[in-house]
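Residue numbers for the sequence shown follow our numbering, so the first one is 2 and each next one is one higher.
Hints are supplied without guarantee of correctness; some may be wrong.
[Unchecked claim] With a Cα cut of at most 20 Å, we get these calculated SDA-like pairs of lysine to any residue:
hint: 1; residue 1: K67; residue 2: T8
hint: 2; residue 1: K56; residue 2: H72
hint: 3; residue 1: K117; residue 2: A27
hint: 4; residue 1: K334; residue 2: K347
hint: 5; residue 1: K117; residue 2: R28
hint: 6; residue 1: K67; residue 2: R28
hint: 7; residue 1: K210; residue 2: N133
hint: 8; residue 1: K230; residue 2: E194
hint: 9; residue 1: K117; residue 2: K191
hint: 10; residue 1: K122; residue 2: K210
hint: 11; residue 1: K191; residue 2: A205
hint: 12; residue 1: K190; residue 2: A154
hint: 13; residue 1: K122; residue 2: K67
hint: 14; residue 1: K334; residue 2: T263
hint: 15; residue 1: K360; residue 2: G314
hint: 16; residue 1: K230; residue 2: K347
hint: 17; residue 1: K66; residue 2: G89
hint: 18; residue 1: K66; residue 2: D40
hint: 19; residue 1: K334; residue 2: Q362
hint: 20; residue 1: K56; residue 2: Q339
hint: 21; residue 1: K56; residue 2: C11
hint: 22; residue 1: K230; residue 2: K210
hint: 23; residue 1: K347; residue 2: K66
hint: 24; residue 1: K334; residue 2: A278
hint: 25; residue 1: K122; residue 2: F30
hint: 26; residue 1: K230; residue 2: P152
hint: 27; residue 1: K56; residue 2: R357
hint: 28; residue 1: K360; residue 2: V376
hint: 29; residue 1: K56; residue 2: R28
hint: 30; residue 1: K347; residue 2: E90
hint: 31; residue 1: K117; residue 2: K190
hint: 32; residue 1: K117; residue 2: R151
Hints are computed from structural coordinates only; laboratory data are not their basis.
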Amino acid sequence: MHYHITTFGCQQNIADSERIASYYEARGFAEAETPEGADVVVVNTCVVRERAAEKVFGFVRNITKKNSSAHIVITGCLVGAASREPSGEMMKKLRRRLPDAEFLPLEEVGFEHVPKRGEGKHAWLPISNGCNNFCSYCIVPHSRGREISRPFAEVLEEAREILDRGFSEVTILGQNVNSYGADILTAAKKRGEAYTLADGTEIAPTMVKHLGRHRIPTLFPQLLGQIAKMPFARVSFLSSNPWDFSEDLIGVIAEHANIDRTIHLPIQSGSNAILQAMNRWYTREEYFELVDRIRASILDARFTTDIIVGFPGETEDDFEATLDAARRVGFEKAYIGQYSPRPGTKAAGMEDTVSREVKRQRFHALDEAIRRFRVVD
């Protein structure tokens with residue numbers, strides 16, 4: 002029996018597919034080069050935007066025409082979102098549109114499956130899954146659930162395995178890597194215990210402050226520092242939330258020359274009114290201040306970002322504030338999305354006030370501004 006995996010979406014989905022491949026090979030399957038030559042076609046899905054979900058339906062229709070005997074397995078974020086969406090309507094719609102498919106929750110593909118990595122010098126290293134932040138536009142808390150951190154020692158063991166396999170570069174992955182370990186530390190505190198490594202070393206966590214109070218404890222600066230001490234040529238991480246970017250984390254990056262100086266720091270909007278509506282817990286001024294602090298400690302720091310245009314209620318003044326943010330920061334690159342409502346999110350209940358045409362215009366104007374104001378050596 003042969004399987005083939007087609008992956009839609011982000012780097013986390015790619016890393017998940019590497020484990021799904023091992024999951025099938027542990028059951029005796031061999032990999033087919035194309036979906037047309039497979040007995041089982043696994044579709045690892047993205048649902049962050051409506052267009053991403055529609056691509057999945059189109060792909061399945063196309064494959065069933067070319068390989069009518071294939072068993073279709075749908076996994077990834079579309080399945081997760083449908084299973085957690087409160088009304089149940091999303092799952093009903095999914096079953097109507099894919100009546101003959103099997104749905105495989107990612108939870109069934111655990112981290113005990115060593116990923117089947119590709120060739121080359123780079124490897125992905127997931128350290129957590131899920132998100133607790135509930136930005137009003139984002140379906141990830143539904144598609145992946147609450148944030149769960151992998152054990153510290155387990156992550157380091159996989160990092161060493163990556164090195165032993167001959168990979169010289171690694172990217173650490175999480176929906177919000179900055180909050181890695183918050184659940185581990187909270188559970189330890191409830192037990193009245195300090196957090197210690199397998200060798201008995203006690204770790205002092207970073208206490209992240211926001212709005213003048215402690216928000217979460219995190220182990221990410223400590224974990225990043227441990228991985229950076231390994232002989233990797235480059236260590237990168239995705240994705241980090243501005244409100245959890247601690248001084249400890251800045252210090253660890255500055256200390257280790259092999260940590261990538263291109264930092265992905267999603268701003269989402271340059272307008273304070275839109276940031277508040279998005280449930281992003283920072284202002285534009287706080288974002289700029291963070292960028293300045295990072296640049297003061299890491300002189301060659303560069304920034305990439307995520308931005309949504311056309312969020313409900315976004316006015317021309319709001320969009321001008323986002324253009325101004327592009328001028329202010331000089332992003333190396335921006336991943337720009339045109340807003341589309343996602344089921345189960347708070348923003349889905351807001352009136353979608355910005356037309357598709359205006360969204361397209363703002364997308365192109367912002368894309369041009371990002372390229373124009375990009376920081377060049």
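Status of the hints after comparison with the structure:
A hinted pair counts as satisfied when its Cα atoms are at most 20 Å apart, and K67 with T8 qualifies at roughly 18 Å. Among the hinted pairs, K56 with H72 is consistent with the structure: their alpha-carbon atoms are about 19 Å apart, no more than 20 Å. At most 20 Å may separate the alpha-carbon atoms for a hinted pair to count; K117 and A27 meet this at roughly 11 Å. For the suggested pair K334 and K347, the alpha carbons sit about 28 Å apart, so the restraint of at most 20 Å is broken.
Only pairs whose Cα atoms come within 20 Å are accepted, and K117 paired with R28 is accepted, the gap being roughly 14 Å. Taking the CA atoms of K67 and R28, the gap is near 25 Å; set against the 20 Å cutoff, the hint is violated. At roughly 16 Å between alpha-carbon atoms, K210 and N133 fall within 20 Å of each other, so this suggested pair holds. A hinted pair counts as satisfied when its Cα atoms are at most 20 Å apart, and K230 with E194 does not qualify at roughly 27 Å.
The straight-line distance between the Cα atoms of K117 and K191 is roughly 37 Å, outside the 20 Å bound, and the hint therefore fails. With a C-alpha separation of about 37 Å, the suggested pair K122 and K210 falls outside the 20 Å cut-off, and the hint is violated. The suggested pairing of K191 with A205 holds, with an alpha-carbon distance near 16 Å, which does not exceed 20 Å. In summary, the hint linking K190 to A154 is supported, as the alpha carbons are separated by about 19 Å, within the 20 Å threshold.
Note on K122 and K67: the hinted pairing is violated, with a Cα-Cα distance of about 35 Å set against a maximum of 20 Å. Straight-line distance between C-alpha atoms of K334 and T263 comes to about 10 Å, which keeps the hinted pair within the 20 Å bound. This hinted pair checks out: K360 and G314 have alpha carbons roughly 12 Å apart, not beyond 20 Å. Distance check on the hinted pair: K230 and K347 sit about 42 Å apart at the alpha-carbon level, beyond 20 Å; violated.
A threshold of 20 Å between alpha carbons decides the hint, and for K66 with G89 the separation of about 29 Å lies outside it, so the pair is violated. This hinted pair checks out: K66 and D40 have alpha carbons roughly 14 Å apart, not beyond 20 Å. A hinted pair counts as satisfied when its Cα atoms are at most 20 Å apart, and K334 with Q362 qualifies at roughly 19 Å. As the CA atoms of K56 and Q339 are separated by approximately 16 Å, the hinted pair is consistent with the 20 Å bound.
Restraint check for K56 and C11: satisfied, since their Cα atoms lie roughly 14 Å apart, inside the 20 Å limit. Among the hinted pairs, K230 with K210 is inconsistent with the structure: their alpha-carbon atoms are about 27 Å apart, more than 20 Å. For the hint linking K347 to K66, the alpha-carbon distance of about 38 Å lies beyond 20 Å, and the restraint is violated. Of the supplied pair hints, the one linking K334 and A278 is violated, its CA atoms being roughly 24 Å apart against a limit of 20 Å.
Only pairs whose Cα atoms come within 20 Å are accepted, and K122 paired with F30 is rejected, the gap being roughly 26 Å. Using a Cα cut-off of 20 Å, the hinted pair K230 and P152 holds, with the two alpha carbons roughly 18 Å apart. About 19 Å separates the Cα atoms of K56 and R357, which keeps this hinted pair within 20 Å; it holds. This hinted pair does not check out: K360 and V376 have alpha carbons roughly 26 Å apart, beyond 20 Å.
Proximity of K56 to R28 is assessed by CA-CA distance (about 29 Å); at most 20 Å being required, the pair is judged violated. With a CA separation close to 16 Å, the supplied pair K347 and E90 stays within the 20 Å bound. For the given pair, K117 sits about 36 Å from K190 by alpha-carbon distance, which is inconsistent with the 20 Å threshold. Of the pairs offered as hints, the one joining K117 and R151 holds, with about 19 Å between alpha carbons and a cut-off of 20 Å not exceeded.
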